[in-house]
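Q: Sequence:
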Amino acid sequence: MTKADSSTGSLNRSEQYRQLFYKHASVEKDGDQFLSKDDFLAAIAPGEDFKKIQREQFGLLFKVADKSGKGMVSFEDFVIFQNLLSKPDAEYEIAFRLFDVDGTGKITFDQFKNVLSSNMPKDAVPFDFDCDWLKLYIGSKEGQHELSYEEFSQLLKGLQGERLRQEFKHYDKKQNGYIEPEDFKRIILDIAKHKLSDHVIDHLPTLCNLYAGTGNQITFSNVVAFHNVIRNMDMVELVIRRAVEKSPNNRISKADFLNHAAQASRYTVFTPMEADIVFHFAGVDGGASGTLSLDDFGKILDPRWRHPQPERQVPVIEPVKKSGLLFEIMENAYAFVLGSIAGAVGATAVYPIDLVKTRMQNQRSKVVGELLYKNSFDCFKKVIKNEGFAGLYRGLGPQLVGVAPEKAIKLTVNDFVRSKLADKKTGELQFWQEMIAGGAAGGSQVVFTNPLEIVKIRLQIQGEQAKNTGAPRRSAIWIVKNLGIVGLYKGASACLLRDVPFSAIYFPAYAHLKRDMFHEGPEHKLTITELLMAGAIAGMPAAYFTTPADVIKTRLQVEARKGQTSYNGIADAARKIMREEGFKAFFKGGPARIFRSSPQFGVTLTVYEILHQAFPLPGSHSSAATGATSSPAPQAQQDFGPLRSRNALKMLLDLDYRFGVYRPTSPAADKA
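Each number in the numbering used here corresponds to the 1-based position in the sequence shown with 1 added.
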């Protein structure tokens, strides 16, 4: 992304922050607006039900934002906080700022102890601050040192595991390596309740049934294995989805899970006990068959999973998408209409160049006819001189009648084939798949293109024929009647030879230019200029390299005048043109074709995408078919804010799911 792109993105984000701030700010002081604690929570966590994560815990973020400690947040403070949330290590930095009470950039043992103790509930198992594990990080009492941000972050990462060990030891009264199921549930809820679904929470005590011979008790190995599964739930979900996708019946066994886990990482990710735990909780309601579906795993993968209510469906992992034959027909009809409008605009914009291109390609050498035009520019001048400005648009009527379905079917087929070939999960296409989609689009349009072009070409040539031979001008309707159905498809093979490779080159080039050259993505929506440039540049190689096929098609479709060579098919035309006019004749009108095709497709695709954005079809997917990468919807952008807020609390909630709920009563604790 360029500096300009980055600046534009920053400006957009700043404006979003400004709108969000002033929407919620209710405190006015000295002419300035401020957020109270309630305002702040409404801004960063809209719609939050405060069930798994309580309101007081989100209040910890208010402490971080309220740098001055005045109990309110200014606009500048709010922007700084939002910028902090956007950092990849936000959860560590927010935790560090809470523990760094004095703002020195270092955390002492006393600060760590006071903040942790004051934010833990009274009934929590006391943390042993004199443990050997903590001394390894902070030193002994005689030689304690202060922790930098990087050192503190590493300590936090291991702190949950040490707390797990201490709690197990606390409940293992007999010191025989076993604890009761209800004690196991207390431990896990303390450190991971916010990560667990209702289904898992209800069935935590059943872990004692996983292995026979434990006497309905739970070992430290079980506890550590369960904790590892929770900590690596993202990887668990990735492995499950890949395994289910590859399974013929969309169900997997533990062996399938472990095999795909081994393929997903260079080293072994999960132990057999961890796999047992995943399958135990996913199948505890009836997975006796040994294989489970994605819906079964949904009960452990999504912490928002709730028990189904009467007469309501069980929530699913994947969002529901509109589908079915009717919706697909509507979507294709929608694309067809927008493609028709875009095609008409593009054709009108470049029609004079197209007329010049046609006349240059039809011009025979001195041997077989009169050399009317020296070059494309000379042709342009003579058309205006002899036929007037209207002569540049001769044949435009039939072109507009035909170009609407032609461009529409081309864009619609390209979109449709790309959507069918794209990876169902990522939406990505390989290059050969992009070429197939483009080629299919080019081939499909010939049913409209050939009749359109043969009528258009004969109308475009009439001007020079009338001047030189006195031949009467014919209307488009006369030409259609005179040619008949068969005649309208004269040169269709050459048309296919041109349109299939043209589209196979054009559409992939257009998609990659937008993505790789102009960096289209969620953070950068392309401007009209960038869309035009991508469309125009992509059209250059596609237009020039298919010029020989276009020359042959033009010669086959134009009625030969007296004394001029006539052609009988593609091969015959190619031989005669080569023999009589040389190899260069195959690229006659090449520059004009570039100047016509490049801007035409640039305008057409730009208008097509602008129409898609201005008039979106409700429930449709992104126009990834033309290679577009749509920007997130406004609602998606709004939802990302509370998601980042919840993630920012992750490290603190990993210490105890009630971290911050307990309100200290001592002055020292209040300060912390």
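Please keep in mind that the hints were generated in silico from the structure rather than gathered at the bench.
Please note that the accuracy of each hint is not assured.
Cross-link-like lysine to any residue pairs, in silico, SDA-like; alpha carbons within 20 Å at most [to be verified]:
id: 1; residue 1: LYS68; residue 2: VAL102
id: 2; residue 1: LYS114; residue 2: ASP78
id: 3; residue 1: LYS196; residue 2: ARG659
id: 4; residue 1: LYS585; residue 2: PRO600
id: 5; residue 1: LYS158; residue 2: TYR212
id: 6; residue 1: LYS194; residue 2: ARG242
id: 7; residue 1: LYS186; residue 2: TYR212
id: 8; residue 1: LYS68; residue 2: ASP78
id: 9; residue 1: LYS64; residue 2: VAL28
id: 10; residue 1: LYS577; residue 2: PRO353
id: 11; residue 1: LYS386; residue 2: PRO353
Q: Does each hint hold? Answer for all of them.
A: For each hint, the structure was consulted:
1. LYS68 x VAL102: 11 Å, holds
2. LYS114 x ASP78: 28 Å, violated
3. LYS196 x ARG659: Roughly 13 Å separates the two Cα atoms, so the pair holds.
4. LYS585 x PRO600: Distance of about 24 Å is beyond 20 Å: violated.
5. LYS158 x TYR212: Distance of about 30 Å is beyond 20 Å: violated.
6. LYS194 x ARG242: Violated, because 24 Å separates the two Cα atoms, which is more than 20 Å.
7. LYS186 x TYR212: 17 Å, holds
8. LYS68 x ASP78: 7 Å, holds
9. LYS64 x VAL28: Holds, because 17 Å separates the two Cα atoms, which is no more than 20 Å.
10. LYS577 x PRO353: 29 Å, violated
11. LYS386 x PRO353: At roughly 14 Å apart (the allowed maximum being 20 Å), PRO353 and LYS386 satisfy the hint.
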